[in-house]
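Visitor: One letter stands for each residue in the lines below.
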Amino acid sequence: MSEYGTVDPSQHDAEERLGNVIVRVLYVAAAVALVGLLVPNGEPVAAVAIAIVAAVPILRVGWLVWRWARIGDRRFMGAAIVLLVLIGAGPLLALVA
Amino acid sequence: MLAAFGTSAVGTLGGLGGAIILVPILVSTGMTPAEVAPLGLLSVVVGSTAAARRQMRAHTTHHRIGVVTESASTTGAIAGSLAAGVISEHALTLVLAAVALFAAVAGGRRKGTRWKPDPEAPQSVVGEWVGSLNGAYSLDGAVVPYRTRRIGAGLAAMGVSGIITGLSGVGGGFIKTPATSELMHAPVKVASSTTTFSIGITGASALFVKMTQGDLNVRYGAAVLLGSFVGGQVGSLVQSKLSPPTIRRFLSMMLIVIAAILVARVL
Chain A
2 MSEYGTVDPS
12 QHDAEERLGN
22 VIVRVLYVAA
32 AVALVGLLVP
42 NGEPVAAVAI
52 AIVAAVPILR
62 VGWLVWRWAR
72 IGDRRFMGAA
82 IVLLVLIGAG
92 PLLALVA
Chain B
83 MLAAFGTSAV
93 GTLGGLGGAI
103 ILVPILVSTG
113 MTPAEVAPLG
123 LLSVVVGSTA
133 AARRQMRAHT
143 THHRIGVVTE
153 SASTTGAIAG
163 SLAAGVISEH
173 ALTLVLAAVA
183 LFAAVAGGRR
193 KGTRWKPDPE
203 APQSVVGEWV
213 GSLNGAYSLD
223 GAVVPYRTRR
233 IGAGLAAMGV
243 SGIITGLSGV
253 GGGFIKTPAT
263 SELMHAPVKV
273 ASSTTTFSIG
283 ITGASALFVK
293 MTQGDLNVRY
303 GAAVLLGSFV
313 GGQVGSLVQS
323 KLSPPTIRRF
333 LSMMLIVIAA
343 ILVARVL
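Going down the list, the protein sequences come from chains A and B. So in my numbering, the last spot in the first sequence is 98, and the numbers never skip. So in my numbering, the last spot in the second sequence is 349, and the numbers never skip.
It is worth saying that the hints were derived from the structure and are not from the lab. Careful: at least some of the hints might be erroneous.
Once the Cα atoms are required to be at most 20 Å apart in a straight line, the calculated SDA-like pairs of lysine to any residue come out as [said to hold, decoys possible]:
1) B:K323 - B:G223
2) B:K323 - B:H141
3) B:K323 - B:A224
4) B:K198 - A:Y5
5) B:K198 - A:E4
6) B:K198 - A:L85
7) B:K198 - B:S325
8) B:K198 - B:S220
9) B:K198 - B:K323
Just need the whole structure built from these sequences, with the hints factored in.
Guide: Here's what the structure looks like:
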């Protein structure tokens, strides 16, 4: 038995693709933020830019759920789902409180 | 924007997040802590996101460690938010300073690197290992396998970090990175990248609350977004070129500076 663990063979390519998508989304958000700063009454535009950026880390966890489900890593898929539930519960609790 | 650039670059370099440095700077300009807190969260999210591609290319982000530890942090943050007001700001700030100093000493005392390159290890094992919190990373072309330990102690530290975040509003990177590295024995590059990933999640969920409550000045937010975007990329670029002991020494120095800033705030 190998003393090393197994790396998902598609992990590196998948991360490369995700990294490229994230950077493109960030460029778009930065451009939108710049427009929001430059135009008069640009607050709604700036808010869209901020919402785009804030959604990225949470969508990344969703992506992990999908990845780990595909390779059958159920334990960590479950952990990621629990995390998403907690992420959703936090703001809801704060709003109620 | 300039402050966001500098603090995001430095924060990403050490896996601390920039908010703990940005927040005191903005408060010193006359903004109120309530105005500054969402901007700090935004800088954490942007710095974390900007660093993502470079850190994923280096295969130093261990998403499984990030997800597991983030669950403990988020639980702690919820508990901390609900318990806000129980502890005075003065006492809390001193606790934060003590934790930062302890982490600085713990990281700074250790010499050399814990995990050594393994000439037998094939390049194919570089990355996070399926179904476990172990993995391997590439250091100057050599493969360095690592095995995390003391998961329970690590999760407890992450829970405490979350509680402190929930109570105070500062990001928990200055606790998470040393806890992942010194308690759980992950290599400091992995600890730093993984923390950069996980603090982005904490920051994003808290930021949505602040936006919903109307606490974010979106014009200032747009400026912070632009500054942090460039800073996060610069920080992760520099991080990839530094040796683990250099990052650890830098991290220790930053933690001492943070402790000094925190103590100065309450004196």
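Visitor: Are the hints correct? Go through all of them and say.
Guide: Status of the hints after comparison with the structure:
no., hint, in the structure
1, B:K323 - B:G223, "holds, 13 Å"
2, B:K323 - B:H141, "holds, 14 Å"
3, B:K323 - B:A224, "holds, 15 Å"
4, B:K198 - A:Y5, "holds, 14 Å"
5, B:K198 - A:E4, "holds, 15 Å"
6, B:K198 - A:L85, "violated, 35 Å"
7, B:K198 - B:S325, "holds, 13 Å"
8, B:K198 - B:S220, "holds, 11 Å"
9, B:K198 - B:K323, "holds, 18 Å"
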